[in-house]
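All chains should be built: construct the whole structure from the sequences, respecting the hints.
Count along the sequence shown starting at 1, add 1, and that's the number in my numbering.
Be a bit skeptical, because a hint or two may be false.
[As the list claims (entries may be wrong)] Ranges between beta-carbon positions, derived for each pair:
{"no.": "1", "residue 1": "C126", "residue 2": "N62", "range": "25 to 31 Å"}
{"no.": "2", "residue 1": "E59", "residue 2": "K87", "range": "17 to 23 Å"}
{"no.": "3", "residue 1": "F145", "residue 2": "F15", "range": "46 to 52 Å"}
{"no.": "4", "residue 1": "G98", "residue 2": "K63", "range": "21 to 27 Å"}
{"no.": "5", "residue 1": "T49", "residue 2": "N109", "range": "24 to 30 Å"}
FYI, nobody ran anything at the bench for these hints, they're computed from the structure. Backbone N, C-alpha and C fix where the C-beta goes; we use that ideal spot for every residue, glycine too.
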Amino acid sequence: MSEPETKETFSYAFGTGVWVKLSNIIWWPGIVVDPLTIPQELLDYVKTVEYIAVVKFEQDNKYHVVGINDQIFLYSCDRKMEFVEKGLSLYNHQKKGLPVVGKFDMNNFKKEVISMECLIGGDMCIFEKLEEKQETFMSIIQQFYSN
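Here you go:
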C-alpha cells in the first residue's frame, strides 16, 4: 500500500522578494513581511487562516495573504521574465487607454519590478531592454513581410 501524497509547503523568510498571483490574472512582485507588522484588522484575519506568506506591495501600500503554493514564487524564479513581459504588455495597454482586467495600476507594477531589481542587484534597465527586444522582433517581422 502506498503512502498518501502530501503537498509540500514552502516557507519564505521575511524580506524575501516574491511574485504573487493576484485575482488569478497577473503576477505582481512584493516583499514577504512579518505578520506582526501588518495592520491589526489584517492580522486578525491572518490568525484565522492557514497561510504561506503575507506579502506587501510597497507602491500601493497593500498586503496579500498567500494561502496556496502555486500562487507564489521567488522573485528570481525561472518564470520571472514571463511575468515581467506580461506586466509590460498590460502596462502598454493601459498607457494607450485600453482596458486592463482588474483595477491594477500598471505604472506601480513597473515601479515594484524596478524596486525588486534594485533589492537583488539586478537589471535596473529591465523594461528598456525588453522594449528594445520587442522593437527588434517587430522590425524583423516587418522586413520578412515586406519582401
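How the hints compare with the structure:
Checking the proposed 25 to 31 Å range against C126 and N62 shows it holds: the Cβ atoms sit about 26 Å from each other. For E59 and K87, the hinted distance range of 17 to 23 Å is satisfied, since their beta carbons lie about 20 Å from each other. For the pair F145 and F15, the supplied restraint of 46 to 52 Å holds, since their beta-carbon distance comes to about 50 Å. Checked against the hint of 21 to 27 Å, the C-beta distance between G98 and K63 comes to roughly 24 Å, which is consistent with it.
A hinted range of 24 to 30 Å holds for the C-beta pair T49 and N109, which are about 29 Å apart.
Violated hints for the displayed structure: none, as all numbered hints are satisfied.
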